[in-house]
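Number of protein chains: 2
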Amino acid sequence: MPLKRKNPPFENFAVPGFRASGIASGIKKNGKKDLALILSDKPAYVAGLFTTNRVKAAPVLLDLKRIKKGVSRGVIINSGNANACTGKAGYKTAEAMATLAEKASGAKRGTIMVASTGVIGVPLPVGKVEAGIAALAGSLSYSGLTGAAEAIMTTDAFMKKAISKVNIGGKRVTIAGIAKGAGMICPDMATMLAFFVTDANIKGPALRRALKKAADASFNSIIVDNDTSTNDTVMIFANGCSGSSEIRPGTNDFEAFEKALRGISLELAHMIVKDGEGATRFIEIELKGATSNESARKAARTIAESFLVKTAFFGGDPNWGRILAALGRSGVKMREEKVDISLNGVPVVKKGLDTGREKEAAKAIKEKEVKVSVDLKMGRRSTRLWTSDLSFEYVRINSAYRT
Amino acid sequence: MPLKRKNPPFENFAVPGFRASGIASGIKKNGKKDLALILSDKPAYVAGLFTTNRVKAAPVLLDLKRIKKGVSRGVIINSGNANACTGKAGYKTAEAMATLAEKASGAKRGTIMVASTGVIGVPLPVGKVEAGIAALAGSLSYSGLTGAAEAIMTTDAFMKKAISKVNIGGKRVTIAGIAKGAGMICPDMATMLAFFVTDANIKGPALRRALKKAADASFNSIIVDNDTSTNDTVMIFANGCSGSSEIRPGTNDFEAFEKALRGISLELAHMIVKDGEGATRFIEIELKGATSNESARKAARTIAESFLVKTAFFGGDPNWGRILAALGRSGVKMREEKVDISLNGVPVVKKGLDTGREKEAAKAIKEKEVKVSVDLKMGRRSTRLWTSDLSFEYVRINSAYRT
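Protein sequences appear in the order of chains A and B. For any residue, its number in the working numbering is found by taking its place in the first sequence, counting from 1, and adding 1293. For any residue, its number in the working numbering is found by taking its place in the second sequence, counting from 1, and adding 1293.
All clues given are correct.
If you anchor each label on the Cβ, the simulated ranges turn out as follows:
id : chain 1 : residue 1 : chain 2 : residue 2 : range
1  : B       : Gly1497   : A       : Ser1585   : 34 to 40 Å
2  : B       : Glu1630   : A       : Lys1643   : 53 to 59 Å
3  : A       : Lys1381   : B       : Gly1638   : 25 to 31 Å
4  : A       : Glu1686   : B       : Glu1660   : 24 to 30 Å
5  : A       : Thr1573   : B       : Ala1450   : 26 to 32 Å
6  : B       : Lys1652   : A       : Ser1434   : 41 to 47 Å
No more than 27 Å apart at the CA atoms, straight line, and that leaves these computed lysine-lysine pairs for DSS-like:
id : chain 1 : residue 1 : chain 2 : residue 2
7  : B       : Lys1358   : A       : Lys1644
8  : A       : Lys1626   : B       : Lys1385
9  : A       : Lys1381   : B       : Lys1631
10 : A       : Lys1661   : A       : Lys1591
11 : B       : Lys1381   : A       : Lys1670
12 : A       : Lys1381   : B       : Lys1643
13 : B       : Lys1626   : A       : Lys1381
14 : A       : Lys1643   : A       : Lys1670
15 : B       : Lys1644   : A       : Lys1358
16 : B       : Lys1631   : A       : Lys1358
17 : B       : Lys1381   : A       : Lys1626
18 : A       : Lys1381   : B       : Lys1644
19 : B       : Lys1361   : B       : Lys1396
20 : A       : Lys1496   : A       : Lys1361
21 : B       : Lys1631   : B       : Lys1644
22 : B       : Lys1656   : A       : Lys1322
23 : B       : Lys1591   : A       : Lys1626
24 : A       : Lys1496   : A       : Lys1335
25 : A       : Lys1381   : B       : Lys1581
26 : A       : Lys1358   : B       : Lys1626
27 : A       : Lys1506   : A       : Lys1591
28 : B       : Lys1591   : B       : Lys1664
29 : A       : Lys1631   : B       : Lys1358
30 : B       : Lys1381   : A       : Lys1631
31 : A       : Lys1581   : B       : Lys1381
32 : B       : Lys1626   : A       : Lys1361
33 : B       : Lys1385   : A       : Lys1643
34 : B       : Lys1670   : A       : Lys1381
Everything labelled a hint here was simulated from the structure, so no lab data went into it. A quick note: this is a predicted structure, and the numbers were derived from the prediction, not measured. Cβ coordinates follow ideal geometry from the N, Cα and C atoms, glycine included.
Same shape as in the complex, but just chain A:
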């Protein structure tokens, strides 16, 4: 089953059987779009992944209940307010939001999911949401997904959307995704959201499996500043409108679907890093030669999370000592005298020792994209993670008082 990937022009950013819209309801004080609805014409299989933070926003708590049914008509999303740390009142607001969206769109009670992103700890203005939802339902269209992508932005510098079309069993299957990232000028933003819609014919468990795999290789492999928000949500809705035969796990069809979903997940995830707070460089960490997948990830993550590594890359300094020190404290099995490190292809450490090629490396990492390749030479496991540097702008954004 050949995988055909195209990025059609955005006027074709649509998936059969899904209508959507995004409007300005007044939650954001600047008049920008802040309310989105994505609606499947018919009940869709749904799968979701939610924040592992023990402090979960009200919409996340609601979705965790609703997703158990495995079927949904879509999702109502607001930006500008996270509806997090808002207690029982916040939970009622999330429920009210869903009920209003269900009534306005003719969906059954309990079939619409909810997501919120924005400031923590401030009550979500229900009146604005109520008026907004009426307008939203009236403006739904099959080409409305771009409007929804715009409405879920908080201070993202650019809109994040990606689409993939795959031939499965002779039918053209479309998967589209929108996301919002960690562009948190308003410092309490609770943060990452991504929504996928597809006309694939794929049931709940298979859908969940594909989503998990795609998210692990993308959204779970990016690090901006080590924090997990109270609102992080990734959901996929599959309505079967492509008319393809059912995509079952263990088949080539499933593989093609999973690969396509992973592809657009990765595109969106990279956009989130590139639009990371104050990011001036996009850094890929390739970690090879680990004894297990877990230790590969742990080592890569310790490098990606290091304040010292991130500031060095901001300064364009090929400071391999910090990378080696991060590996050492990561707790994974390693021996200093085996480690090789290269930066954008220039070897800076061979068998744990300086190669004397720092000047060359300094030139090589002047690029906007930096690849850090580490080989522990202890085993055969590898991983890749993506992160951004730590800049003055990051500190400026995050130290700005919320007014």
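With the hints as your guide, set chain B onto chain A.
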């Protein structure tokens, strides 16, 4: 046994039976002091704690062997070069350094410990060390500990020393400590060193126990930027010159000794945080109501390590949402609806909800010292950690290219 703590004027910064000196040997290009020797008149019991980083500097590897004997005459320390990531040649250099110090001071082979701090990955110039050690041995004096404290500084803004005198069994026992911290303008500095000398009559296992307890409550409870260096070393030498009876674990004497050692350890640790890179605020995190000591530490540490919490404090923003989000992702047992948070005494969160007193809190945290008090109300365990904020200056220092 009453604990009497005094900070005598620094001209009295001395411990009976210990001579010391610090000189400039030329390792530092700016002509500042960079080589120190601390020597006990007679063999002293020694205990040490070393970096947990798997990438360990050559002097740490040497000390880990030597400390097994439990007895030592003292330590030779250089600043300006970490002798880390320098392979077998680096290990030989560390050995040579010890041997030269032993010969120059008349100590037996294998009885002098070694520590280094400074740039990673660059060979330590043995010639300079050799010439320096000859000069050093000639300048040893009983009032030389301040000179040693000066010589172990790298880019510390101020010298770090503390002294305590305790009456034990009718005798006056003195404990003095010197430290160098995380003032790493030269970005590869491998970092924290602290040395204690005491005339207490206390043997190896008891000494180690007291040191471990003191370090856990001080050096292991401070966080500047989450990194563990390749050179971190804390050592204590006890030569028994006070003539007091032996201090045995489980006695009031031991408690008095341990408390005094903990006191000066904490003083030095707080100095390290206050002199942290780019620090503008000294932040105490008090975590109460945890179900275990481990989870108290884990929760406090997640707050202290959060980029978002640290930048908020730099900006003077009482951003409790970030503290609550950090608690939530720390993985410890907690329930959002139980949590209380106050900032310099102003309650900002009660039972997980906003108290509406942020303006008051914003005023309260304008101070140079900020106390974050968190009560999880899940159990009876508590801890305290100290950290600094994350400022523009931190990024400037750490992104500066090493030239």
